[in-house]
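Colleague: Quick mapping for you: the protein sequence lines, in order, are chains R and G. This note's numbering puts the first residue of the first sequence at 1, with every later residue one more than the last. This note's numbering puts the first residue of the second sequence at 1, with every later residue one more than the last.
Hints were generated in silico from the structure; no laboratory data involved. It is possible that part of the hints are untrue.
Residues from chain G that face chain R, not an exhaustive set, calculated with beta carbons under 7 Å [as the list claims (entries may be wrong)]:
no. : residue
1   : GLU24
2   : ALA145
3   : THR182
Beta carbons: idealized from backbone N, C-alpha and C, even for Gly.
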Amino acid sequence: MSLWLAIAVAIAIAFGLKLAGYLVPENLLAEPHVKRVTAALPIALLAALIATQTFTGPGGAFVLDARLAAVAVAVVALLLRAPFIVVVALGAATAALLRSTGWA
Amino acid sequence: MSQRVGGGQVEELDPARRRLVVREALSVGVATGAYGLSFGALAVAAGLDVWQTMALSLLMFTGGSQFAFVGIIANGSGAAPAAIAASSLLGVRNGLYALELTQLLGVHGVRRVAAAHLTIDESTAVAVAQDDVRASRLGFWLTGAAVFTFWNLMTLLGALLGNALGDPRTYGLDAAAAAAFTALLWPRLRSRDAVAIAVVAGVVAVVLAPALPPGVPVVVAAFASFIAWRERREDA
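Full structure from sequences and hints, please.
Modeller: Have a look at this one:
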């Protein structure tokens, strides 16, 4: 398979997957049970994403490192009602600092 | 769980609220965009030319899938089916985001195609973090546009000049992404159901991560959303 063809196929599938969700008939999604589940879907997906971004390394192995400290600092900042940018900057700074000092 | 105000209002979003959404969208756009530099450099190192690299960032436009695709295609053209499979598995979650976004955004025609293209983790996270449908819509489009702009500019720079910044982890950019998603999910964790869904999904994804291909654990974890199937009084 040529590289361009592989790129075109992968792009088509990626866009098809995105579009598919928008083509589900509205009346199917309007049912109250389904509506509650679809509203909860981003919560589940983003929580799963945060968890894998925080706790897993190469090959999906469980890893505890500077990322956990960074997210913990972010949670403390959120509990103290810090603004969004401060939360994000504190997370980055925590990880960068721990790594530069060789602690994690 | 849904405290959003119904659609169709004519009043403008108040300026203070608007500024908050703009700030969220721009900071997510810049932080995510910075990763485009690594992607561009990595894609060229994997044997793609600048046009092929830009085709991925402009048209595939979903970072996790793009990194997986070039990481595998680096092994040669025989790896193409595996590269397509990996990028596609990582793209499944965008389709699941779309199930909620299609109701939230209320888009049709060309705008629906544009919305589909911009449907990624970041735009969805900013949209669902808002408690007002106008703020959600603004957040979705602004974040999608900001990430699209920065991601593609930085991809081009990375492809042409190489990764001048070095490993983004040195600057804690990976942790910045996790912190940003946490901050965006935070306002949604008010009900017991939402907390249960987040915890179950997080644990399932981490436990399955070593056993399943990248992208699959997160999609399996999405089944935690069925916790919301039955109505709870606190959500009423």
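Colleague: Give a verdict on every hint.
Modeller: Hints versus structure:
no.: 1; hint: GLU24; in the structure: holds (5 Å)
no.: 2; hint: ALA145; in the structure: violated (16 Å)
no.: 3; hint: THR182; in the structure: holds (5 Å)
Checked against the numbered hints above, the structure violates only hint 2.
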